[in-house]
Amino acid sequence: MSGDQAAPYAHLAPYYEVLSETRDWDAWLAFVQAVLEKCMGQGRFDLLDAACGTGRIAVGLRLLGHRVTGVDISEAMLREARRNAEAARVDLPLYHQDLRRLDLPGSYDAALCLCDSLNYITEHGELTSALCNLRRSLRPGGILLFDVNTAWKLEHVYGDYTYAEHVGELSYIWENAYDPERRTVTMHLAFFVHEGGRRYRRVDEVHVQRAYSHEEMAAALAGAGLQLVSWGEVAGLTPPEPVEERVFYLVRRPETG
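Last residue of the sequence shown? That's 257 in our numbering, and every number before it is there in order.
Rather than coming from a laboratory, the hints here were simulated on the basis of the structure.
Predicted, not measured: the structure shown is a model, and the values here were computed from it.
Among these hints, one or two may not hold up.
What the hints assert, rightly or not - Between beta-carbon pairs, the in silico distance windows are:
hint: 1; residue 1: T22; residue 2: T122; range: 20 to 30 Å
hint: 2; residue 1: P14; residue 2: G159; range: 24 to 34 Å
hint: 3; residue 1: A218; residue 2: A190; range: 31 to 41 Å
hint: 4; residue 1: R182; residue 2: P93; range: 16 to 26 Å
hint: 5; residue 1: R83; residue 2: T22; range: 14 to 24 Å
hint: 6; residue 1: A30; residue 2: D91; range: 34 to 44 Å
hint: 7; residue 1: E165; residue 2: V208; range: 31 to 41 Å
hint: 8; residue 1: A218; residue 2: R101; range: 19 to 29 Å
Backbone N, C-alpha and C define an ideal beta-carbon position, used for all residues, glycine too.
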């Protein structure tokens with residue numbers, strides 16, 4: 001057995017969709033499309049999928065006729081997104097960038113930042129910076145739809161629990177440590193990949209998420225110059241996952257500013 005330390009998602013990426021098989025991707029896609037129609041009407045729009053991951057939502061939106069650009073901090077996740085786009089035979093421009101330093105060409109009618117991506121930004125000032133960058137990527141009046149894991153989920157679903165599972169040629173141990181003062185959970189993931197015979201390779205990843213209260217999020221949005229439209233059941237639509245675990249926000253770039 002051999003082992004090494006990897007960046008978040010560096011090794012998880014090829015298995016991400018298998019490990020998130022309980023997520024109803026069709027429901028997520030339908031929800032996003034419904035929000036777009038409710039806010040902007042029927043049409044095909046220029047969309048930014050920020051922290052696009054494996055591109056599951058981006059490819060789905062592309063197949064619906066939207067013009068979609070994806071960006072992610074993980075090169076490994078972008079490789080999976082590229083494979084998914086090629087398999088679907090769609091054009092999907094992809095950029096390797098950090099949301100805290102986002103600088104993309106062009107502008108967009110709407111942006112998405114889904115699947116608790118913003119929880120990975122653990123400092124309030126950096127959250128404001130990321131939101132400010134997303135605002136700059138929008139055209140005046142453009143909308144941003146994002147979600148965050150709640151403090152309840154970080155404490156009671158992740159908590160201090162340990163998980164272990166075997167999937168295909170991958171086995172993993174997932175150990176969590178919750179800090180109630182900072183409302184952060186540190187996730188230590190140890191992957192064991194079968195390399196033939198009796199040999200396994202161990203790869204470790206560490207993921208950290210922070211929960212933000214609604215008041216903290218509202219302050220970050222205000223600091224970024226974004227207008228809060230609704231949160232929870234955004235646009236009067238039922239979200240694809242329970243609100244006690246995940247909260248959606250719908251915000252808008254002002255027509256001026």
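Verification of the supplied hints:
Between T22 and T122 the C-beta distance comes to about 26 Å, which sits within the given range of 20 to 30 Å. For the pair P14 and G159, the supplied restraint of 24 to 34 Å holds, since their beta-carbon distance comes to about 27 Å. The given range of 31 to 41 Å is respected by A218 and A190, whose C-beta atoms sit roughly 38 Å from each other. Taken as a hint, the range 16 to 26 Å is violated for the pair R182 and P93, whose Cβ atoms sit roughly 36 Å apart.
Separated by about 22 Å at the C-beta atoms, R83 and T22 satisfy the suggested range of 14 to 24 Å. A C-beta distance of roughly 23 Å is found between A30 and D91, which places it outside the suggested range of 34 to 44 Å. Between E165 and V208 the beta carbons are some 21 Å apart, a value that contradicts the proposed interval 31 to 41 Å. Between A218 and R101 the Cβ separation comes to about 24 Å, which falls inside the hinted range of 19 to 29 Å.
When held up to the earlier numbered hints, the structure conflicts with 4, 6, 7 and fits the remainder.
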